[in-house]
Amino acid sequence: MMNIKRVISTIEKNYILSNLKKGERIDGRGLWDYRDWTVKCDVITSAEGSSEVTLGDTKVITGLKYEVGPPFPDLPNEGVCTFMAELLPLASPLFERGPPDEQSIELARVVDRGIRHADCVQTKKLCIKENEMVYILFVDIYVINYSGNLIDAGGISALSALISSQIPEGKWVDGNVEWTGNYLTGETIVNELPMVVTYGKIGDMIFLDPSLPEELVCDGMLSISVTENKLASIQKSGTATFSMEEIEMLVKKSMELAKKIIKELNLWQYKR
Amino acid sequence: MENDQDDSTEEPTTEDNEDEEIDEFDDDETTRDLVVPGEILTEDTENFLPGRGTIFNSERTKIISLNIGLKQVKKNYINVIPLRGFYTPRPGDKIIALVLDKNPVKYICDINAKEEGILKPKNTVKRGKPRGFRGGAPNHQDDSTEKYEVGDILIVKVLSADRLNAPELTTVGKYLGKRRDGLVISIDPPKIPRVIGRSGSMIKMLKNLTNCNIFVTQNGRIWLKGGDIAHERLLIDAIKKIEREAHTVGLTDRMSVYIENEKKIRGIN
Amino acid sequence: MPLIIKDEYPEKLFREDGKRLDGRDKHELRPIKMEVGVLENADGSAYLEWGNNKIYAAVYGPREVHPHHLAKPDKGILRVFYRMATFSVFERKRPAPGRREKEISMVVTDCLDPVLFLELYPGTSFEVFINVMDADGGTRCASTTVAALALADAGIPMRSLVSAVAMGKIDGELITDLSGIEDKAGEADLPCAITWFNEELSLLQFDGTMDIKEFSECLVLAKEALNKIHEIQLEALKKKYIDIQEQYKGGEKGA
Numbered sequence: 001m002m003n004i005k006r007v008i009s010t011i012e013k014n015y016i017l018s019n020l021k022k023g024e025r026i027d028g029r030g031l032w033d034y035r036d037w038t039v040k041c042d043v044i045t046s047a048e049g050s051s052e053v054t055l056g057d058t059k060v061i062t063g064l065k066y067e068v069g070p071p072f073p074d075l076p077n078e079g080v081c082t083f084m085a086e087l088l089p090l091a092s093p094l095f096e097r098g099p100p101d102e103q104s105i106e107l108a109r110v111v112d113r114g115i116r117h118a119d120c121v122q123t124k125k126l127c128i129k130e131n132e133m134v135y136i137l138f139v140d141i142y143v144i145n146y147s148g149n150l151i152d153a154g155g156i157s158a159l160s161a162l163i164s165s166q167i168p169e170g171k172w173v174d175g176n177v178e179w180t181g182n183y184l185t186g187e188t189i190v191n192e193l194p195m196v197v198t199y200g201k202i203g204d205m206i207f208l209d210p211s212l213p214e215e216l217v218c219d220g221m222l223s224i225s226v227t228e229n230k231l232a233s234i235q236k237s238g239t240a241t242f243s244m245e246e247i248e249m250l251v252k253k254s255m256e257l258a259k260k261i262i263k264e265l266n267l268w269q270y271k272r
Numbered sequence: 001m002e003n004d005q006d007d008s009t010e011e012p013t014t015e016d017n018e019d020e021e022i023d024e025f026d027d028d029e030t031t032r033d034l035v036v037p038g039e040i041l042t043e044d045t046e047n048f049l050p051g052r053g054t055i056f057n058s059e060r061t062k063i064i065s066l067n068i069g070l071k072q073v074k075k076n077y078i079n080v081i082p083l084r085g086f087y088t089p090r091p092g093d094k095i096i097a098l099v100l101d102k103n104p105v106k107y108i109c110d111i112n113a114k115e116e117g118i119l120k121p122k123n124t125v126k127r128g129k130p131r132g133f134r135g136g137a138p139n140h141q142d143d144s145t146e147k148y149e150v151g152d153i154l155i156v157k158v159l160s161a162d163r164l165n166a167p168e169l170t171t172v173g174k175y176l177g178k179r180r181d182g183l184v185i186s187i188d189p190p191k192i193p194r195v196i197g198r199s200g201s202m203i204k205m206l207k208n209l210t211n212c213n214i215f216v217t218q219n220g221r222i223w224l225k226g227g228d229i230a231h232e233r234l235l236i237d238a239i240k241k242i243e244r245e246a247h248t249v250g251l252t253d254r255m256s257v258y259i260e261n262e263k264k265i266r267g268i269n
Numbered sequence: 001m002p003l004i005i006k007d008e009y010p011e012k013l014f015r016e017d018g019k020r021l022d023g024r025d026k027h028e029l030r031p032i033k034m035e036v037g038v039l040e041n042a043d044g045s046a047y048l049e050w051g052n053n054k055i056y057a058a059v060y061g062p063r064e065v066h067p068h069h070l071a072k073p074d075k076g077i078l079r080v081f082y083r084m085a086t087f088s089v090f091e092r093k094r095p096a097p098g099r100r101e102k103e104i105s106m107v108v109t110d111c112l113d114p115v116l117f118l119e120l121y122p123g124t125s126f127e128v129f130i131n132v133m134d135a136d137g138g139t140r141c142a143s144t145t146v147a148a149l150a151l152a153d154a155g156i157p158m159r160s161l162v163s164a165v166a167m168g169k170i171d172g173e174l175i176t177d178l179s180g181i182e183d184k185a186g187e188a189d190l191p192c193a194i195t196w197f198n199e200e201l202s203l204l205q206f207d208g209t210m211d212i213k214e215f216s217e218c219l220v221l222a223k224e225a226l227n228k229i230h231e232i233q234l235e236a237l238k239k240k241y242i243d244i245q246e247q248y249k250g251g252e253k254g255a
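The listed protein sequences correspond, in order, to chains V, Y and U. Take the first sequence: its position 179, counted from the start at 1, is 179 in this note's numbering, and no numbers get skipped. Take the second sequence: its position 137, counted from the start at 1, is 137 in this note's numbering, and no numbers get skipped. Take the third sequence: its position 150, counted from the start at 1, is 150 in this note's numbering, and no numbers get skipped.
Hint data in this document are derived by calculation from the structure and do not stem from the laboratory. Please read these numbers as outputs of a predicted model, since none were measured by experiment. Misleading hints may appear alongside valid ones.
Unchecked claim - List of simulated lysine-lysine pairs, DSSO-like, C-alpha gap at most 27 Å:
| id | chain 1 | residue 1 | chain 2 | residue 2 |
| --- | --- | --- | --- | --- |
| 1 | Y | Lys264 | V | Lys13 |
| 2 | V | Lys252 | V | Lys263 |
| 3 | Y | Lys174 | Y | Lys225 |
| 4 | Y | Lys174 | V | Lys21 |
| 5 | V | Lys13 | Y | Lys74 |
Build the full structure now, drawing on both the sequences and the hints.
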């Protein structure tokens, strides 16, 4: 496809749309196919957990760091897990330097909500001493190459960074935290495995996993986060509108897809 | 209405732009020696002079390469045929432009160069052509920017280009004008000669074997249109393969074998 | 905020067998792996693994300058943005760029400038984005090395490559290629970069104490290390193309 520009050529948009109507995509996929996934964990030595995920040409590196500190007053016995995303200017000429813009905040938020509402991170196990000291986890997502659908890639990479994490276990001794010599691992921290599934919509055509040209021309996207049997979060972005029937169909589809992909990726193999 | 008609709806063919091209990758003087920036190409400064992509060192005792590319010795010049690089507009180049923005006096076009190209409305209509239709209202297209829209793909010719001013473009001429369908892909501009091939051999082969219409332009963009997406996809894959293997020998032959094979594998003909 | 494990350094930086803590000899480099053309969207890109350092660099340009007032009418400008990932260091770094990152960006910009022909591209900019994903000492040197590769990969005319290495002194001994611990606990740190077209130093910083004799010895040793790094750079740059050539070796030319 043509070099990435802010303005999308009319013929490219028409080309993508007319082929979608025939059920064809420019990279040869079907409407409900993902591009190829690869997951590598424990790639960053300095991080307590890390992963490098590629979805087609999209590449995301996520690292997990921890700190300890006092809990929020309303949740005295729960640790904190925060998500941040940065769209590095090296990943695409469309990304600019400077403080996080809307797109990176949306990415972090959608990944965050998908994980937060899915009973994924066991925040109660991240407590060292009630009212005094809890863990604060920072899951930071860095986009290295942008080729469409950052949300799904970011979600899987945040999840695999959590699973592969290894955090020093502390205990509360006389008003201080001491290291026990053991580590908390992904097995303790992570319970359910949620997955975000993103669809694009152009005109009245809906398709899974938008590639970069598709994402740039599409009217809107719908990201649905599901666990094995529950819905965790939904985000609609862009100007497209979705009918009730479409949403119902997509929610069902997300359940099937998430189950299949989570099984294929077998993320528990990365626990330490 | 005649006035709505673009002057250039005829399908472009490739015969026009290929004859003037030499495939420098396939030149007899081009070696397969891969050189990198700073590499010494020769210490014989008596007999050789630095040509394209090369300079003397400060003592004028060596000729060194400025680019990653293939070494070429042409008469007494030493050149480096670059494998990577950006497009620099030259007057006369036919290139594919994307309309980024327009105001009442000009269109601003992306031409994959360091500066955006300027297309003035007077350069979008033929001069000396009788204006109006059957004595109807005069045509204002030559002094307003209503002919093209933002997002249009235009095949344009570079009228002027120098280091200080933005390149000026025209859509008046054979094969020039707006493309209404098809698809544009981009490759590394230095590899364009390879897609054209020696006296157009590669492009002819690609056209014949994939039944696609192709228009290859100097700024690294290729317009293409085929009968169906399967053929277009095959052509795109083939062009990507040429881009990747531009510095190897026997590419034209290998590409025709590749396309024939892929056709069998993909079940198209 | 505190961490459970403290960042502590050993007293001795040499093992009993005379090797360094990571098992290296005094003047041995850490394993270095480089690759070019790793990022699809950039005009040029490179990836470097140098010991535990993992760094991506991407080049965009020449392109129009934003913000516009930075453009110079007589020459192009080179801008380098060195950034570290929050998780690349022992204690989580704040996401916003700090003073250190800005300083290194500037030092690397000045280091790379002499190899480019910026006067040929007035009014435009070349932007180099360096992202350190994992850091373990000597990142400014590693960044310079990988940025030079990315510039070459972008096909931007260059007088030569640039290579860099950090020399240092630990426990009274001169060493090559400081690791993270050696950098923090050692006595002296001397990062330097060479522009190969004139074989002169284009980046030079020094922190610590050293006598003049040691300093000149250090520079000689640096040259040796830099030669090795240059070799690896050249090989990485050519590898992308040679691998494909090898695949089709023996094909007749021309056709």
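### Task
List in ascending order the numbers of the hints, as given earlier, that are violated by the structure.
Violated: hints 1, 4 and 5.
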